[in-house]
Amino acid sequence: MVGGKVRGKSLAPVGVNIVQDAERSLELALQDAGIPRERVEIVAGTGYGRFKVHFGQFVVTEISCHAKGAHHLFPKTRLVLDIGGQDTKAIRINERGEVVDFSMNDKCAAGTGRFLDVCANALGYDVADIGALSLTAKAPMRITSTCTVFAESEVTSYLSRGKRPEDIIAGVHASIANRSISLLQRAGIEPEVTFTGGVSRNEGMVRELGNRLKLPINVSPTSQYVGAVGAALFATERVEAGPR
Amino acid sequence: MTRGADSGAFLGSARELQKQMVDRYYSSLQPGNERKPVAYMLVGGNLAEIVRAFGYEVVFPEIVALTCAIKHTSLDYILKAEAMGYGLDVCGYVKNDLGLQESGGETVFGKIPPPDLLVCSFSGCYVYVKWWEALAEKYGVPLVTFDVPYMRGPTPLKEDMAYMVAQLEEFISKLEKITGRSLDRQELRRILARSRAAEEGWVRFLQRGRERPSPIEAYFEAVFYMFPINVLRGTQEAVDFYEAVNRDVDRRIAERQYPVPTEKVRLVVEGVPPYPHYRTFWDFFKSWGAVSVAATYPKVGGLFDRGFLHDPARPLESIAEYSLGAYVNQSWPLRRAIIADYVKEYEADAVLIHGIKSCRSFTAGQGDLRDYVSRELGVPTLYIESDHQDPRYFAPAQVKNRMDAFFESLEHRRAVSHAAGVV
Chain A
1 MVGGKVRGKS LAPVGVNIVQ DAERSLELAL QDAGIPRERV EIVAGTGYGR
51 FKVHFGQFVV TEISCHAKGA HHLFPKTRLV LDIGGQDTKA IRINERGEVV
101 DFSMNDKCAA GTGRFLDVCA NALGYDVADI GALSLTAKAP MRITSTCTVF
151 AESEVTSYLS RGKRPEDIIA GVHASIANRS ISLLQRAGIE PEVTFTGGVS
201 RNEGMVRELG NRLKLPINVS PTSQYVGAVG AALFATERVE AGPR
Chain B
245 MTRGADSGAF LGSARELQKQ MVDRYYSSLQ PGNERKPVAY MLVGGNLAEI
295 VRAFGYEVVF PEIVALTCAI KHTSLDYILK AEAMGYGLDV CGYVKNDLGL
345 QESGGETVFG KIPPPDLLVC SFSGCYVYVK WWEALAEKYG VPLVTFDVPY
395 MRGPTPLKED MAYMVAQLEE FISKLEKITG RSLDRQELRR ILARSRAAEE
445 GWVRFLQRGR ERPSPIEAYF EAVFYMFPIN VLRGTQEAVD FYEAVNRDVD
495 RRIAERQYPV PTEKVRLVVE GVPPYPHYRT FWDFFKSWGA VSVAATYPKV
545 GGLFDRGFLH DPARPLESIA EYSLGAYVNQ SWPLRRAIIA DYVKEYEADA
595 VLIHGIKSCR SFTAGQGDLR DYVSRELGVP TLYIESDHQD PRYFAPAQVK
645 NRMDAFFESL EHRRAVSHAA GVV
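Chains as they are written, first to last, in the working numbering: chain A, 1 to 244; chain B, 245 to 667.
Looking at chain B on its own, in the form it has when it is part of the complex (with noise of 0.2 Å):
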């Protein structure tokens, strides 16, 4: 049972920028600075360049809610949120917003604005549709609700297209009449090209994993790197931030510092990290030479490592055909399939599916999930549960206690299998 050390190096130069880049946003929006007009959006199937297009900034309150949650402070937000009557049942994300504009907007990393207009652009829980809902009365902003149909199918339906086009383009003409202009579509379609290029540069840096030994962190290095392809998406800033982290991959092989110094378990992880545990649930990984090569959660915000990418040249079509592929708007055999293709494709040895409590929209179905991956696909799973928000549902002895046990177990059989020359 020996383990891998720790190893941080990995991370160079582009976790800075990464994090200098966040700086820059969240300070852009402070009171004081000469700012754009707000609009508030969801991540999955998110209209970013729409609105970019209509010169509005864009503040993803989940994004928000998981950088409180990371830096320890989700608590109390959401502890506010339920002295003014939210269950305990109620979604982390929902709670911590609701939690933090009653407290005027402070964070720890500064002051979120109020929204000027709000964009619910993920219709598939119907728990957000109520948290836009609670902010649009508060602040007395305009609402758009879309209804985005749930996708059954590989590619989506014409219909369903055609649906989701005539949606966008009813939202164009609302955004003409409260902003004064009309659409520059020119401009919309130099924001789709920087955003189909960042995608592509994301895409690079994703299908890393694909190599032995990993050189990238696929889930929780990842997570760090969704934050321009969902937040900054169309905008140049983006497009060179994935550059630059392509070129530190390199590096990375060059010099031979990878996520852990000795790959011993490369997994595909399934679902939204415990964000108030960030680093502790990391480091159960670690300490078992374990590396997650392709995850799902990463690509909440797109599933451009499919075969989507925005495209210019088709600009409503191609956003219509955006926010039908979210991945939480995908039926469980497409998303069984996705895993599928990732455990073959990545060469993974095992699947680790993380629940969360307070989201029933991603979670509800990971225990069939977990039945298909170990016994159709034979392939070892593990099942553990907390929450993305609420730091009160992680145990951490009965995480580690859970995942020691998988990891043990994979480790003996792979000896067992060596010494019967099974490789």
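Chain A on its own, in the form it takes in the complex (with noise of 0.2 Å):
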């Protein structure tokens, strides 16, 4: 970030070296500004792996991190959700972009992308296509179980009984909104609402919220990256404010 602005960005997958990962994302990024290395001037560590950034200057949770993202895409926002790989996150924030309340899931991974990811390749499909699918769906299925595994079961149980995939996934959207509405409730609905995180490119998840909550949700084109801006965002503060 630069001047408030995004300049580069990139996204890896995470595996089990953490800080090599880390490394390797920040030198996609500053390839993708055209920024050499010697000019970066803070960086900010966040999400679980937010300890692993050793080159970092300092930490922030990534709660507070899309809270602040989500604030400066969309200035109205009031109430952000975010469904990343193992948490998801309602989190109501003020008018300055400040959490002032959050509920996050239950350690299991019910109704979080790592739900998603199983159920699509329980039905055989990559993550990124169930969203273009499920909107298709004629006459969506019901997901009972709130465990992950056991819903795999129920997914591979419809599709044996010659159900059509768009069904079920469109079964196992409204099964993830129903949890992530809890979760809104818990925090406390108020508009503007923005989606963020992973699951918020599935555009399917998009309209299944939309249609429970009965508002309109804010997803930015780069809603992946919501977190990476609260944290630079962060980063730029600390740089104005001056040493302390």
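Quick caveat, the hints were computed from the structure, so don't treat them as lab data. Keep in mind that this is a model prediction, so the values were computed, not measured. A few of these clues could be false.
[Unchecked claim] Every beta carbon over 10 Å from chain B, so not counted as near; a handful from chain A, in silico:
| # | residue |
| --- | --- |
| 1 | Val14 |
| 2 | Thr148 |
| 3 | Tyr158 |
| 4 | Pro165 |
[Said to hold, decoys possible] List time: in silico BS3-like cross-link candidates among lysine-lysine, alpha-carbon distance up to 30 Å:
| # | chain 1 | residue 1 | chain 2 | residue 2 |
| --- | --- | --- | --- | --- |
| 5 | B | Lys508 | A | Lys52 |
| 6 | A | Lys52 | B | Lys644 |
| 7 | B | Lys644 | A | Lys9 |
| 8 | A | Lys52 | B | Lys530 |
| 9 | B | Lys355 | B | Lys324 |
Glycine is no exception: its CB is placed at the ideal position from the N, C-alpha and C atoms.
Both chains come to you apart, so use the hints to assemble them.
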């Protein structure tokens, strides 16, 4: 980020070597921005691997970062839904983008991106394709299990009964939307709602949530980067505040 | 996002005394030692004074269980109980105890003797009633179950008091038959006087959390010091202990030894601690300069800081009042009021609620409590969940993530308020 604007970005899967993956991601973002490493003033680490960003100067949780990033992109946002790989978070924020309250899923993967991954794989689809597929559903199935492993069995069972993949996946989306709405209600539903994280790239999920909330939902074309944008904004504030 | 450094220095001689006291107690229970008959009892609304007057030693399996958990041995007993057929959702205290009993009472801190008498003093949790019944069946010893009316108002109803006193009289008659001796009512009064003296000392300690900075840790430290108010109440040892604790707190203030070197966040904490990860959980607090100034859990053995003290002049009436007023026997509106008062009296910045999966009687209602504190009182509140006994339910990265986000937002909002000139 330079002068409050995103200059370069990268998105990379994280494996067992988080430190190396984070380094590589920084290099790719710098290549994208056309900025040499020496010009980097400050780096913030965020997410579950934040303490592994050894080359960073400070850490912030992704909860604060998604709040700040979403507020930056949509200043009227008061509620952020972030569905990532292992967590779902409903974050209520104030007019300055500060976290007022938040609710998160239980420690299991029910209702998260991982849940969607597992169900997509069970159907033989790539997770990137199921959003569009679900929009063609005619009669969504009902996925009742709250456990990722059992939901996978339920999906397989529907398939073996000859149900259509688009109807099954629409049921999976409905199941995640139900759990997400419970979290949003706990945090307190207030317009505007902004949807962030990897699952926000899934148009079927966006539609399902919008239908149930009966509210328009903001989704940025860079919604997967909202946490990183927030972290960069925290870093920018630190640079602007000068040395402490 | 500066972090407060760890400080264990504030835990001085009192903590050492407490460790010695716990060791002495468990040593006294060992086979080969001349020991008294043992009454098993539940902490909530316990009747320690009466059984002591009949010459019993008191064992609280809940306290044995939490000691197993804090020493990282609870899972072995829990797995044993699950192998016996107890389900995943059965209370961790119950499974720890039943697994332990099946292991012959052997623990890393000594052998727990089997009961000679079972007193189910808190019947608000039906699982507890079944637990005591399982023990009665295993050991074939007398079981006495009290029917304790639920508290819906701030003071006990007259008819509830009469009902409890009648049950106590019946209990005394039963004990007279079992032991073959009459109750020495003078001795009961002497025991109650010592209970009261210990309670006064305990309250003095707890109320030091009102000071700024707080010289005590009212959750993590208080949990250590709960032992005598529960296990040794009615003994001179407990009275002396709280005098020593209060002297230690005076020393801390003189030497400026505080639980966190720079107090940044004052918390009221509700809920049972995650004992298998006690230190890790405490470290999460310390890393943000957060100190508990008041907590509800250390009051499960008595809400002495809310005005109740045992009264030797009204022996059975005050024991009845004590049983009725147990924290977990209070309705949710009463529990809410206690927390609201603590926030005000102790000038807390926030409330942290720790829910435990395996105890519905303590935890059910905490979601509404969270909404009440955050929305109606306007006090930032964090709800996290794990378990008090079962280490499998504690996810350190997730708990830390939630706590970091919570403290981060408190710190940020405070910085903004300061910048705007609002203190």
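So, going through the hints one by one against the coordinates:
1. Val14: At roughly 14 Å from the nearest Cβ of chain B, Val14 of chain A sits farther out than 10 Å, so the non-interface label holds.
2. Thr148: 15 Å, holds
3. Tyr158: 27 Å, holds
4. Pro165: 32 Å, holds
5. B:Lys508 / A:Lys52: Between Lys508 of chain B and Lys52 of chain A the Cα gap is close to 26 Å, so the pair holds against 30 Å.
6. A:Lys52 / B:Lys644: Holds - the C-alpha atoms of Lys644 of chain B and Lys52 of chain A are around 15 Å apart, at most 30 Å.
7. B:Lys644 / A:Lys9: 28 Å, holds
8. A:Lys52 / B:Lys530: 21 Å, holds
9. B:Lys355 / B:Lys324: 17 Å, holds
Hint compliance for this structure: no hint is broken.
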